[in-house]
Structure formats: structure tokens, C-alpha cells
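A.B. asks: Sequence:
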Amino acid sequence: MSNIILEMNRITKEFPGIKALDDITFKVERGEVHGICGENGAGKSTLMNVLSGVYPYGTFDGEIIYNGEKCEFNNIRDSEKKGIVIIHQELALSPNLSIAENIFLGNEITSHKGVIDWTKTMQKAREMLELVGLENENLETPVSNLGVGKQQLIEIVRALAKDVELLILDEPTAALNDEESMNLLNIILGLKEKGITCIIISHKLNELDYVTDNITIIRDGKTIETISKSKGEYDENRIIRGMVGRELINRYPPYENYAKDVIFEVKNWNVFHPDDGNRQVLKDISFHVRAGEVVGFAGLMGAGRTELAMSLFGKSYGQKITGQIIKNGKELNLRNVKDAIENKIAYVPEDRKTTGLIGMHDIRSNMTLPALKNFFSKNDVIDKNKEVLTAKKYMDLINIKARSIEQEVGALSGGNQQKVVLSKWMITEPDILILDEPTRGIDVGAKFEIYNIIYELAKAGKAIIFISSEMPEIIGMCDRVYVLNEGEIVGELDRDELHQENIMKHIVAHNRREKNEK
Numbered sequence: 001m002s003n004i005i006l007e008m009n010r011i012t013k014e015f016p017g018i019k020a021l022d023d024i025t026f027k028v029e030r031g032e033v034h035g036i037c038g039e040n041g042a043g044k045s046t047l048m049n050v051l052s053g054v055y056p057y058g059t060f061d062g063e064i065i066y067n068g069e070k071c072e073f074n075n076i077r078d079s080e081k082k083g084i085v086i087i088h089q090e091l092a093l094s095p096n097l098s099i100a101e102n103i104f105l106g107n108e109i110t111s112h113k114g115v116i117d118w119t120k121t122m123q124k125a126r127e128m129l130e131l132v133g134l135e136n137e138n139l140e141t142p143v144s145n146l147g148v149g150k151q152q153l154i155e156i157v158r159a160l161a162k163d164v165e166l167l168i169l170d171e172p173t174a175a176l177n178d179e180e181s182m183n184l185l186n187i188i189l190g191l192k193e194k195g196i197t198c199i200i201i202s203h204k205l206n207e208l209d210y211v212t213d214n215i216t217i218i219r220d221g222k223t224i225e226t227i228s229k230s231k232g233e234y235d236e237n238r239i240i241r242g243m244v245g246r247e248l249i250n251r252y253p254p255y256e257n258y259a260k261d262v263i264f265e266v267k268n269w270n271v272f273h274p275d276d277g278n279r280q281v282l283k284d285i286s287f288h289v290r291a292g293e294v295v296g297f298a299g300l301m302g303a304g305r306t307e308l309a310m311s312l313f314g315k316s317y318g319q320k321i322t323g324q325i326i327k328n329g330k331e332l333n334l335r336n337v338k339d340a341i342e343n344k345i346a347y348v349p350e351d352r353k354t355t356g357l358i359g360m361h362d363i364r365s366n367m368t369l370p371a372l373k374n375f376f377s378k379n380d381v382i383d384k385n386k387e388v389l390t391a392k393k394y395m396d397l398i399n400i401k402a403r404s405i406e407q408e409v410g411a412l413s414g415g416n417q418q419k420v421v422l423s424k425w426m427i428t429e430p431d432i433l434i435l436d437e438p439t440r441g442i443d444v445g446a447k448f449e450i451y452n453i454i455y456e457l458a459k460a461g462k463a464i465i466f467i468s469s470e471m472p473e474i475i476g477m478c479d480r481v482y483v484l485n486e487g488e489i490v491g492e493l494d495r496d497e498l499h500q501e502n503i504m505k506h507i508v509a510h511n512r513r514e515k516n517e518k
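Under the numbering used here, residue 518 is the last one in the sequence shown; the count climbs by one each step, no gaps.
Be aware that a few hints might be false.
As the list claims (entries may be wrong) - With a cut-off of at most 30 Å between alpha-carbon atoms, the simulated DSSO-like pairs for lysine-lysine come out as follows: (1) K162 / K82; (2) K222 / K19; (3) K392 / K19; (4) K162 / K81; (5) K260 / K315; (6) K27 / K82; (7) K81 / K194; (8) K267 / K338; (9) K505 / K204; (10) K192 / K82; (11) K327 / K283; (12) K283 / K344; (13) K393 / K344; (14) K384 / K330; (15) K338 / K283; (16) K267 / K459; (17) K113 / K150; (18) K260 / K327; (19) K19 / K82; (20) K120 / K192; (21) K192 / K27; (22) K113 / K27; (23) K194 / K344; (24) K70 / K82; (25) K19 / K353; (26) K81 / K120; (27) K194 / K124; (28) K344 / K315; (29) K267 / K330; (30) K459 / K401; (31) K267 / K27; (32) K231 / K194; (33) K338 / K327; (34) K353 / K338; (35) K267 / K70.
These aren't lab readings, by the way, just hints derived from the structure by calculation. Just so you know, these numbers come straight off a predicted model, no measurement behind them.
All chains, please: the whole structure from these sequences, using the hints.
C.D. replies: Right under this line is the structure:
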């Protein structure tokens with residue numbers, strides 16, 4: 001049998017007004033982990049949708065050779081019958097069904113009469129969960145009760161239940177913390193040992209370095225090159241150059257201090273869990289931000305960073321909230337999100353697809369929605385011309401790559417979606433901008449563009465709160481950093497003190513104090 005399991009030859013895919021894939025060719029060796037990387041919008045997901053039959057044969061040019069046979073997949077079931085299974089970035093689990101039901105959904109174990117055999121289903125589910133370290137999970141638990149990391153593993157188990165031979169993972173760690181990501185990558189390496197071939201799409205170059213054998217770089221719908229780690233060809237700068245088409249010498253813009261006077265203060269902020277009034281999530285939080293300053297919040301997953309951001313943004317998280325929010329020396333009473341917007345406070349959420357955008361609406365309506373009342377309407381009549389001109393202005397200003405402002409936002413790449421979310425709040429002309437994981441799930445080139453936008457906002461005198469789980473990003477972007485751990489501020493670091501070791505020292509010291517007090 002040939003050592004090549006997959007060949008994609010001269011694949012070209014067009015949508016109205018855009019060529020998404022342009023003559024892409026690459027090969028995957030049997031039993032390897034093959035990385036696909038490129039900027040957001042480069043065509044990575046489109047290519048995998050072609051391979052898996054999401055885009056059926058006849059809607060693209062070129063050929064797919066799998067196990068030496070030319071394949072003409074008309075739908076995803078056709079590719080799954082051949083052992084090709086794709087796990088998309090947006091998980092496709094049914095939240096109200098149990099773990100066992102999700103594993104075999106559409107692939108049920110039935111008796112000869114067509115009735116689901118629950119005894120065999122439970123037994124097989126338990127066996128398969130052992131493969132990903134979830135053997136102790138209650139099979140009857142609804143998957144909505146699981147964290148994102150475990151849900152991602154359930155998706156892998158679903159694939160294994162279909163006798164997968166080639167597993168495609170599209171940005172599998174985008175929503176995971178470092179520990180969950182490493183666990184998933186080690187499981188992928190375990191699947192490789194079992195003879196399963198994997199294709200992993202990722203923008204995280206350190207993860208590709210850890211898990212892959214070969215990496216194919218795609219830019220603007222074209223294959224740039226495939227590099228082999230076994231031949232010593234892996235070089236991060238080479239990959240970035242291939243992705244963005246230029247040398248990216250610095251990951252962050254040159255630092256400048258634009259900080260002026262304090263314009264935003266939070267004092268003695270306490271928040272309890274929305275579903276449990278006895279569980280305190282944030283404890284006596286106090287901090288300040290200057291105009292023109294980028295202030296970071298660092299901490300491990302579960303530290304309370306997102307809960308802090310949402311509770312400040314019109315109490316959109318939590319209950320029994322106490323404390324003060326002071327802007328320009330005046331205490332604010334923010335009862336809801338509307339009050340926050342009225343007081344020139346904006347929040348870019350970590351989950352752009354669920355809470356940041358309306359995927360089925362176009363770019364224009366997403367951009368202008370929060371500003372409709374104050375900027376685009378008079379006597380409750382919307383000024384459509386002004387709305388269109390503003391959307392076009394911001395589309396050009398922050399370089400959103402799309403056919404027009406009327407393009408559906410759900411069809412954009414992750415980086416361009418993030419730019420739409422940013423522009424949506426920039427249009428409201430906020431004084432305080434809270435950014436929660438603003439570069440999650442986007443590539444290094446798009447990150448650099450967003451960093452530049454953030455610095456331009458700081459230069460214009462905006463007070464920026466910057467939340468990120470990537471410590472290098474916190475260190476590279478912030479003037480000052482507050483360290484958050486278990487709902488408390490446990491340290492404050494100035495620019496010249498910003499090192500990962502210093503951040504972790506504060507967290508470890510707080511954990512030690514908490515342990516000694518118990």
C-alpha cells in the first residue's frame with residue numbers, strides 16, 4: 001500500500017466575486033499528523049470542506065485521491081463512509097443530549113429490529129471514552145454541563161466511533177486553555193500511534209511544532225510550500241513569512257506610552273455567581289485606568305477576568321453586585337448594558353460568534369447596531385446613507401477583507417469577524433474599551449493589525465482594559481498589568497516589571513496564602 005493516504009491536486013473553489021482556493025496541491029502521508037496553517041481567510045477551512053464533502057464534487061475544480069482512489073464526495077456522509085471525519089471549529093454536539101447519545105448520534109448501535117441497543121451503546125461509549133481519558137464521566141450527563149475542553153474530546157470520540165482513518169481538526173484548541181490544549185495535542189499524538197492520520201488546522205505555531213510531522217502553508221488560496229520537520233525545515237519565521245507574504249520582524253508594534261490622567265476607577269467591586277447567591281466570584285476588586293493607557297488583566301483560566309469585564313459592562317454578569325464605578329471623577333450607576341453604552345463604555349466579548357456578532361446579518365448592520373439610536377437616527381428614523389458611509393469608512397480604516405459591507409458576517413474569516421466587532425464598538429466612540437481575548441482564534445498577521453488598532457485607540461486617549469490568556473500578548477501590549485487569581489487582584493506590575501515569572505509569582509504566592517488559611 002502506498003505511503004500516501006491523501007492527495008489534493010489543483011483544487012480551485014470559487015464563490016461569487018471571490019476565488020477562495022486557487023490551484024492548491026498537497027499530499028498527506030499515512031499515519032502522520034499534517035499541519036495546515038495560513039492567515040485567517042487564506043482558505044484552510046474551505047479546503048477541508050472540499051475534502052470532506054461539505055462542498056460537493058462538481059462545485060470545485062481539481063481532484064481528490066484517497067487511498068489511491070479518485071473520490072467524488074457529494075456530501076459529508078460519503079467522506080465518512082471512506083473513514084474521513086472532520087471536526088469543525090464550532091462544535092456540532094447536541095447540548096441537551098447525553099454524552100453517550102452524542103457519541104453515537106447518527107451512528108446508533110441498534111438491534112436487528114432497528115431499536116437502539118442501550119446496553120451495547122453504554123458499554124462501547126465507556127470503552128471509547130477511556131481512549132481520551134474521560135472514563136470516569138457519567139454517560140448520562142448532558143454535554144452542555146461539560147467544559148469546552150471535554151466537549152472537544154467528545155467530538156473526537158464521535159469521530160473514533162465512525163471508524164475514522166483520516167481525522168481533520170479545524171482549530172481544535174482555539175477555545176481551550178493551555179492545560180486543555182496540551183491534553184488534546186497529546187491525545188492526537190496517541191491517535192497517531194494507533195495508525196490514525198490527522199490533519200490539524202491551527203494558527204498556533206508552537207502547537208504545530210509540538211504535534212506535526214509536516215506543515216503545508218497556504219496564503220490567499222494558494223499553496224506556498226510544505227515543510228518537513230524530519231528534514232529540519234521547521235522555522236517559525238519561515239512559516240510566518242509564508243503565511244503573511246513578508247518578514248514579520250516584530251510580533252507587537254513599537255511600544256509608546258500614551259497614558260495621561262486617570263479617567264476610570266473601580267472600587268471595592270464584589271460580584272456573586274448568577275445562579276448561586278452564596279458563591280462569591282469577585283472579591284473587593286479595585287483598580288484604575290488612565291486615558292491613553294492599556295491596562296492588562298492576567299490570570300489563569302477561572303480567575304474571574306471575563307466575569308469582571310461583564311459585570312462592569314452594565315451588570316451583564318452576576319448578582320448582589322456592590323462597589324463603585326467612577327468615570328472622570330463621577331460615580332456611575334450602570335443598571336444594564338444600555339446604561340454602559342450611554343456612558344461611553346464598550347465591551348468586546350471573548351466569544352465573538354455567540355455574543356459579539358449576529359452571524360446571519362451583514363457587516364453594515366453588525367457594525368452600526370449599538371450606535372443606531374445615538375448616531376444614525378433622528379426622531380426614530382434611521383439615516384441609511386450615514387449608516388452605509390460609516391460602515392464603509394470603518395471597513396477601510398481597519399482593513400476588513402470582504403466583498404462589501406453587505407456581505408454576511410458569518411462568512412468572514414475569524415480575523416475579519418474580530419475587526420467587525422472592534423469597529424462596531426469604535427463607532428460608538430467609547431471612552432472606556434474593555435477587550436476580552438481580542439485576538440483569540442486569529443493568526444499572527446491579523447493579530448498585528450489588531451494590536452495596531454488598539455494602540456491607535458490609546459493614542460486617541462481611550463482607556464483600554466486588555467484581557468488575554470496569552471501572557472506574551474499581555475507583556476507585549478500593556479502599560480500596566482493587574483494579576484487576578486480566584487476572583488481577587490493579587491498583584492500589580494508596571495511595564496518594566498512585566499515578565500511571565502513575575503505574574504506567576506503573584507499567583508503562586510496567593511494560592512499558598514489561601515491554602516495556609518484553610
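A.B. asks: Look at each hint and say if it fits the structure.
C.D. replies: Hint check:
no., hint, result
1, K162 / K82, "holds, 10 Å"
2, K222 / K19, "holds, 10 Å"
3, K392 / K19, "holds, 22 Å"
4, K162 / K81, "holds, 8 Å"
5, K260 / K315, "holds, 27 Å"
6, K27 / K82, "holds, 17 Å"
7, K81 / K194, "holds, 20 Å"
8, K267 / K338, "holds, 22 Å"
9, K505 / K204, "holds, 26 Å"
10, K192 / K82, "holds, 18 Å"
11, K327 / K283, "holds, 21 Å"
12, K283 / K344, "holds, 25 Å"
13, K393 / K344, "holds, 21 Å"
14, K384 / K330, "violated, 35 Å"
15, K338 / K283, "holds, 25 Å"
16, K267 / K459, "holds, 26 Å"
17, K113 / K150, "violated, 33 Å"
18, K260 / K327, "holds, 14 Å"
19, K19 / K82, "holds, 28 Å"
20, K120 / K192, "holds, 27 Å"
21, K192 / K27, "holds, 17 Å"
22, K113 / K27, "violated, 43 Å"
23, K194 / K344, "violated, 55 Å"
24, K70 / K82, "holds, 12 Å"
25, K19 / K353, "holds, 24 Å"
26, K81 / K120, "holds, 22 Å"
27, K194 / K124, "holds, 18 Å"
28, K344 / K315, "holds, 15 Å"
29, K267 / K330, "holds, 13 Å"
30, K459 / K401, "holds, 25 Å"
31, K267 / K27, "violated, 58 Å"
32, K231 / K194, "holds, 24 Å"
33, K338 / K327, "holds, 16 Å"
34, K353 / K338, "holds, 21 Å"
35, K267 / K70, "violated, 66 Å"
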